[in-house]
Each structure stands twice: as C-alpha cells, then as structure tokens.
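Visitor: Chains as they are written, first to last, in the working numbering: chain W, 246 to 502; chain V, 83 to 504.
Treat the hints with care, since some could be wrong.
[What the hints assert, rightly or not] DEER-style ranges, computed between Cβ atoms: (1) W:Arg408 with V:Thr297: 27 to 35 Å; (2) W:Phe455 with V:Tyr204: 14 to 22 Å; (3) W:Leu441 with V:Asn419: 52 to 60 Å; (4) V:Asn414 with W:Ser282: 40 to 48 Å; (5) V:Ser437 with W:Asn485: 43 to 51 Å; (6) V:Gln286 with W:Arg408: 32 to 40 Å; (7) V:Ser118 with W:Thr328: 24 to 32 Å; (8) V:Asn119 with W:Asn307: 28 to 36 Å; (9) V:Ser118 with W:Asn307: 56 to 64 Å.
[To be verified] Below, simulated SDA-like cross-link-like pairs (lysine to any residue); rule was C-alpha separation at most 25 Å, straight line: (10) V:Lys115 with W:Ile388; (11) W:Lys500 with V:Asp136; (12) V:Lys450 with W:Gly356; (13) W:Lys311 with W:Phe269; (14) W:Lys405 with V:Ser110; (15) W:Lys341 with V:Arg439; (16) V:Lys172 with W:Glu458; (17) V:Lys335 with W:His373; (18) W:Lys482 with V:Tyr367; (19) W:Lys360 with V:Asp136; (20) W:Lys372 with V:Gln357; (21) W:Lys318 with V:Lys115; (22) W:Lys471 with V:Gln357; (23) W:Lys494 with V:Arg185; (24) W:Lys372 with V:Asn117; (25) W:Lys471 with V:Cys139; (26) V:Lys91 with W:Glu458; (27) W:Lys471 with V:Asn119; (28) W:Lys312 with V:Ser110.
Everything labelled a hint here was simulated from the structure, so no lab data went into it. The beta carbon of each residue, even a glycine, is placed where N, CA and C say it ideally should be.
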Amino acid sequence: MNTLKTLIYDGSFNGFLTAIFVAFDEKTRVADIQKKSASQSGLFSETESIFTQMDKAQRVWNGIDKKSHTAIKDIYFAFLSETKGVEMLLYSYIRKMFASTNSISSDFSDGTVLKISQLARSVGREKHRMEAFVRFQLTKDNIYFANIEPDFDVLPLISKHFRSRYADQQWLIYDVKRKYGIYFDLNKVEIITLDLDTAYTNSINKSVHFGDEEYNYQDLWNNYFKSTNIKSRINLKLHNQHVPKRYWKYLSEKKAV
Amino acid sequence: MSISFERIKEKLNILADAAKYDVSCSSSGSVRKNNSNGLGDSSGMGICHSYTEDGRCVSLLKILLTNHCIFDCAYCVTRKSNDVQRAAFKIQEVVDLTINFYRRNYIEGLFLSSGIFKSPDYTMERLVAVAKKLRLEENFNGYIHLKSIPGASDELMREAGLYADRLSVNIEVPTISGLKLLAPDKKHEDFTKPMLKVKNEIIQYKSEKKIIKSTPKYAPAGQSTQMIVGATGESDKDIMYSATHYYKNYNMKRVYYSGYVPVAEDSRLPAIGTQVPMLRENRLYQTDWLLRFYGFGVQEILNNDHPNLDMDVDPKLGWALRNMEYFPIDINKADKNVLARVPGLGMKSVHKIVSARRYRKLNWEHLKKIGVALNRAKYFIVCDSSKWEHRDMEGTKIKGLILQNSVGKFRKEYSNQLQLFS
Numbered sequence: 246m247n248t249l250k251t252l253i254y255d256g257s258f259n260g261f262l263t264a265i266f267v268a269f270d271e272k273t274r275v276a277d278i279q280k281k282s283a284s285q286s287g288l289f290s291e292t293e294s295i296f297t298q299m300d301k302a303q304r305v306w307n308g309i310d311k312k313s314h315t316a317i318k319d320i321y322f323a324f325l326s327e328t329k330g331v332e333m334l335l336y337s338y339i340r341k342m343f344a345s346t347n348s349i350s351s352d353f354s355d356g357t358v359l360k361i362s363q364l365a366r367s368v369g370r371e372k373h374r375m376e377a378f379v380r381f382q383l384t385k386d387n388i389y390f391a392n393i394e395p396d397f398d399v400l401p402l403i404s405k406h407f408r409s410r411y412a413d414q415q416w417l418i419y420d421v422k423r424k425y426g427i428y429f430d431l432n433k434v435e436i437i438t439l440d441l442d443t444a445y446t447n448s449i450n451k452s453v454h455f456g457d458e459e460y461n462y463q464d465l466w467n468n469y470f471k472s473t474n475i476k477s478r479i480n481l482k483l484h485n486q487h488v489p490k491r492y493w494k495y496l497s498e499k500k501a502v
Numbered sequence: 083m084s085i086s087f088e089r090i091k092e093k094l095n096i097l098a099d100a101a102k103y104d105v106s107c108s109s110s111g112s113v114r115k116n117n118s119n120g121l122g123d124s125s126g127m128g129i130c131h132s133y134t135e136d137g138r139c140v141s142l143l144k145i146l147l148t149n150h151c152i153f154d155c156a157y158c159v160t161r162k163s164n165d166v167q168r169a170a171f172k173i174q175e176v177v178d179l180t181i182n183f184y185r186r187n188y189i190e191g192l193f194l195s196s197g198i199f200k201s202p203d204y205t206m207e208r209l210v211a212v213a214k215k216l217r218l219e220e221n222f223n224g225y226i227h228l229k230s231i232p233g234a235s236d237e238l239m240r241e242a243g244l245y246a247d248r249l250s251v252n253i254e255v256p257t258i259s260g261l262k263l264l265a266p267d268k269k270h271e272d273f274t275k276p277m278l279k280v281k282n283e284i285i286q287y288k289s290e291k292k293i294i295k296s297t298p299k300y301a302p303a304g305q306s307t308q309m310i311v312g313a314t315g316e317s318d319k320d321i322m323y324s325a326t327h328y329y330k331n332y333n334m335k336r337v338y339y340s341g342y343v344p345v346a347e348d349s350r351l352p353a354i355g356t357q358v359p360m361l362r363e364n365r366l367y368q369t370d371w372l373l374r375f376y377g378f379g380v381q382e383i384l385n386n387d388h389p390n391l392d393m394d395v396d397p398k399l400g401w402a403l404r405n406m407e408y409f410p411i412d413i414n415k416a417d418k419n420v421l422a423r424v425p426g427l428g429m430k431s432v433h434k435i436v437s438a439r440r441y442r443k444l445n446w447e448h449l450k451k452i453g454v455a456l457n458r459a460k461y462f463i464v465c466d467s468s469k470w471e472h473r474d475m476e477g478t479k480i481k482g483l484i485l486q487n488s489v490g491k492f493r494k495e496y497s498n499q500l501q502l503f504s
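Next comes chain W alone, as it looks inside the complex:
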C-alpha cells in the first residue's frame, strides 16, 4: 500500500525534475514537493529526500520537451517564479500532460494550465525587465558590475542575452536577494558567490571601487534622461507603471542629484 509522501529536494530545477521522476517511477502518492530550505513536515505524510540526479532530470526534461516546447519553457519559467506551492501546481500540470494525448499548453480554459502560463509570463516579463534595467558600473579593475534585486530568480534566463551582447568586456551581474551572480571573463559565464559588504545602489555617495570616468558617464546619462523628457506631456502614472519604484534604487538615471 502506497502511503502519502512529501518529497524534499535541494531547491534546484534539476532536483525538482528528479523528484518528478521519482514520483512517476515509484508511483508515489505525493502529498507535497518541498525545497529542503523551506520544508515543513506534514502530520499525515512521510518524507522522502530526493538526491538530484542529472540523468533522471534529463529524462523528464526530454519527455516533456518531446510533447511540447512551449510546455517545457512554461514549466521552467514558472518554476523560477519561486511561488509558494508552485511545485505541486507543476506536478499536476505534468501529470495532466502525460495523461493527455495532445499538448495541453494552450488549453487556457483549464485552471492549472492558465495559472502556469500566467506565472511563466510574469517571469518572462521580469527577465525582459532585467535585460532593460541592469546598469553596469565600470570598476577600477575594468569589470562592468551591476547589482539587481529581481522579483524572480531570472539570472539563469538572462545570461545568454548579456553573453552575446557584451562579448568584448568583462561583466558581473549580482543578485543581491539570492546572493549569487553571473560573471563573464571574456571566455565563459560562471556562477559565482561574493561576500558583498554592501549593495551598490545609485547612492550619491561615491564608492572607491569606481573611477571618475564612471561617475561622469552616470552624470551624463542622468542629465540625458532629464533633457529628453517633455514637461508639457508629464504622465507620472504611466512612468511608474513602466518603471516600478522597487527598481529605482539601481537605476543611475533615478539618482537624486
């Protein structure tokens, strides 16, 4: 007799896919799928720790991808939303998918499908925002450095964009909230962790890490931003809608000078 189980995984996407593999393979009755860092034991279920195994994760990825490209993208994006309970939502989505003969990713009148597609869209929007709102500051060591604090874990999604765009400069984008970054050393992009004593926001206080030229360009950009505004058309509501206030502290054009 199968008892109800809570699967505990390491928090990575591959860990999650491994959990999905285990659930299908062992015909587990899943009570919940939880990150190790956020696990709470249920009263009526056993727990099982999942060890991330790349081959199993890969098999799940391929299985879904074979059924629908849109679905695998939606699943990955929705997972990165880190929404509470997203694992079970995804599990139910994947089960639906394998129970159906055709792709379900455009069945928008189904609640689960619609929810996953909406989560994926939110994450996609945040990815696009970060591609727009990253503001590099050139350090004295000649590294273009940026801090971000995105709503969702989008660093894995933006790496390729910055890699192909800034192929001839060293750059580092660091997620202050999740405490890791991606660094391009002119050859490859690596995931790194840093001991940052402080987040480098658009504070008017100058840091010793950046030179005069850097602050001059920030000043020019800040000026340009003001000059290009048409005062007789002011529309702050629209402005705030496009550039939500929570992002302002990393935007040099929003520096209070």
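Once you've looked at the hints, dock chain V against the given chain W.
Guide: Just chain V now, with coordinates in the frame of chain W:
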C-alpha cells in the same frame, strides 16, 4: 572635473532637448548578430531601457548632431529664427557617448538627427560618418537610426542604409498646403525623394540577397516617418489617409503621430501653453493599429461622413456601434479576422480564444479568465451560455452603458460629452 566633460554635458543637454520631439524610439525589427566577438547584438526585439516622466520609452540615445539650421520651419524648435542656445557635436564625441552608454546597458543604440547646416548633403555626410565609424571602427552591432535629411543626394542615402538599421524622414505636416504655410523653404519633393531612394534600395538589396547570400544588409529595420497632429487644422481623415499613402507607396514600417507641442509664438500655429492633443494622438495610434494588425480599411473608420475619430470611445468601438448589423459574433465559431473586429478583443485575446476553443466551448467565465475586456465585448458576442440579453440594443444605448460602467484614462477630457448619457 575636466573641462571637456562639462562641455560635453552642456552639448548633450542642448542637443537631447532639441531632439526629443521626434517620437520614434523603436529599436526593434533588425537582427545583427555579434559574430565577431565585438560589441552589441540585436535580436530583433526592442528593449526600452527606461521611461521618461512623460511615460515615453527610452531605448536609444536620441540627439541632434547640431541644432544650427539654415531653415526656418515654423513648427520646429531648431528653426533659424528661434532664439535658442546652439551647439554641435564632433563626430568622435557622438561615437564615444554611444559606445559608453551602450556598454553600461543604458541604451539599445543611437538615433541621430540634425539641423541642416551649410547644405543637406554636408549634413547627411556627417550623419553617415558617425554610423560608419561605429560599425567599422568600433565593431558595433547595436541599433542605429539615422535621419534622412530632406534634399540629401541619392548617393548618400545609399551609403546611409549600409550602416543604419532604420532611416526616416519626417513629413511633419500631413497636407501639402500646410507645408507651404509652415515650411516655405522646403518642397514636398525634398521629403519624398530620399524616401523613394531608400524604398527602392531596400527592395533591390532584398532581391539580391536571395541570389547572393553575402549581399550586405540595407536598412533592415526599414523606414519610418512622423506627422505633427493639431498644428494646421487638418482632420483625422487627412492624417490617416496621408499615413495610408506612406505605408502603401513607400513601404513604411511605421508612421508616428506627434501631438503638437507649441514651441514658439507664431500666428500660424497654436499659442504657447495650448494643451498638447494627447487624446487625439492616442486615437490616431489606435486607428493605425486597426489598419496594420486588425484588417480594417481606412475608409471603414474615416470617411466623408466621419472625418474625425470619436473622442469618447476607441475607434474600433466607434466602428462597431455604427455597424451593429455585423454583430453578434459567435466566439466559438468565428474566424480570427472576424474576432479581431470585436470591441474589447485585442489580438492576444483573439489568439488565446482560437487556441482555447479547440479543447472545449468557451463561456463567459472562460473569456473573463483569458483576459477579454467583457465590459465592451459582451454586447457584441455570444458564447457557450444562454445569457446574451443585450442583443437588440441600439448603438447609442450600448455606448451609454459602456461609458457608464467603465473608467477611461482620458475621461476627464471629455466629461462634457459624458453628461449626455448619465
């Protein structure tokens, strides 16, 4: 702080301020892969890196090379007779600004325009020189939009397209009579000649590329133009028929509509302080979208009986209210192009409906979840439900109900009309 930096800052302020009335900031539609490990990569998707306080996208560094000008067009802030501070960038200064802004991820590229100094060709030559330097010396793959200077030679226009992603000439005044009144030094042909040259080059390069793969790109993001709205008493019909002419005959990618911002006291123009016609501008853009993406013909929306757009409702709703015999439409059966004509349905909703209805018949609840603006759409559609009580209402009645039960962002500007229905 260095003197040269302060000088650049001053120039940037003057020449960005003078360039801001050009509304285009599009950075999309051009794919330039970074194959040489250089700087920049354009995927074809535009990015707005910021938004000004007036709510407009900031995607490109939009500046004039100089605001010295030999012409005296009444609507233009840079005109010869206007008493403003003048400045001019050196070619290298524009290149350095562009590269350094791009490297910091401030911008997608450069939009370079200019006042006309000495002669059209002398000016155009310098704009081309900036683009050429960026591409060949800096290995720059970001977006470049150059202004085609009215009166520039075919030779220079041909060269411009080899380095720029987009070229544009602003027609500014939608009617020829208006142009005579406001820009007596310029001839209509000065605007259309470079446009025609660019159009023909694009066609030629495209056909050559089909045969010889190594043919270079020529203005891959196409041409655009801009018209000022509300400066010369033209009707919406005048503007949109003119726009249709440019889309059709010059293969324009975009026509922009710019509500006139009074920049000078001139008896031929609205006085300084006159409100910018932003609602009208918005309605024109909505119409432009209906023509380009929704399958409408311009005569359906604007004609001698309706030379101006409704201010209180959007143009699609206005059209629907005048053509009630077309409705109701069955959401579960109608073709895509028919669905596109329903007020409250955008193309995204249309697409979702067509996908979703393959799984089951859709009812009101489904439509609401998908994101259809039912407050407008419900009067024009039937779905998998027996509730469609509004079927035999007249257009005016429906309009009243919609206005009563919704809030519009421009509502305060036509509150007089609203009283009719309350």
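Visitor: Determine for every hint whether it applies to the structure shown.
Guide: Hint check results:
1. W:Arg408 with V:Thr297: 27 to 35 Å: 29 Å, holds
2. W:Phe455 with V:Tyr204: 14 to 22 Å: Given about 40 Å between the Cβ atoms, the range is violated.
3. W:Leu441 with V:Asn419: 52 to 60 Å: 54 Å, holds
4. V:Asn414 with W:Ser282: 40 to 48 Å: Distance hint for Asn414 (chain V), Ser282 (chain W) holds at roughly 47 Å.
5. V:Ser437 with W:Asn485: 43 to 51 Å: 33 Å, violated
6. V:Gln286 with W:Arg408: 32 to 40 Å: 35 Å, holds
7. V:Ser118 with W:Thr328: 24 to 32 Å: The hint (24 to 32 Å, Cβ to Cβ) is violated, given that Ser118 (chain V) and Thr328 (chain W) are roughly 41 Å apart.
8. V:Asn119 with W:Asn307: 28 to 36 Å: Holds, at about 32 Å.
9. V:Ser118 with W:Asn307: 56 to 64 Å: 34 Å, violated
10. V:Lys115 with W:Ile388: OK: Lys115 (chain V) and Ile388 (chain W) at ~23 Å, within 25 Å.
11. W:Lys500 with V:Asp136: The hint holds at about 18 Å.
12. V:Lys450 with W:Gly356: 12 Å, holds
13. W:Lys311 with W:Phe269: 17 Å, holds
14. W:Lys405 with V:Ser110: 19 Å, holds
15. W:Lys341 with V:Arg439: Cα-Cα ~18 Å, so holds.
16. V:Lys172 with W:Glu458: 19 Å, holds
17. V:Lys335 with W:His373: Status holds; Cα separation ~24 Å.
18. W:Lys482 with V:Tyr367: 20 Å, holds
19. W:Lys360 with V:Asp136: 34 Å, violated
20. W:Lys372 with V:Gln357: 38 Å, violated
21. W:Lys318 with V:Lys115: 23 Å, holds
22. W:Lys471 with V:Gln357: Within the cut-off at roughly 21 Å; holds.
23. W:Lys494 with V:Arg185: Satisfied, since the Cα-Cα distance of roughly 20 Å is no more than 25 Å.
24. W:Lys372 with V:Asn117: 24 Å, holds
25. W:Lys471 with V:Cys139: 13 Å, holds
26. V:Lys91 with W:Glu458: 13 Å, holds
27. W:Lys471 with V:Asn119: 33 Å, violated
28. W:Lys312 with V:Ser110: 32 Å, violated
In terms of the numbered hints stated before, the structure departs from hints 2, 5, 7, 9, 19, 20, 27, 28, listed from lowest to highest.
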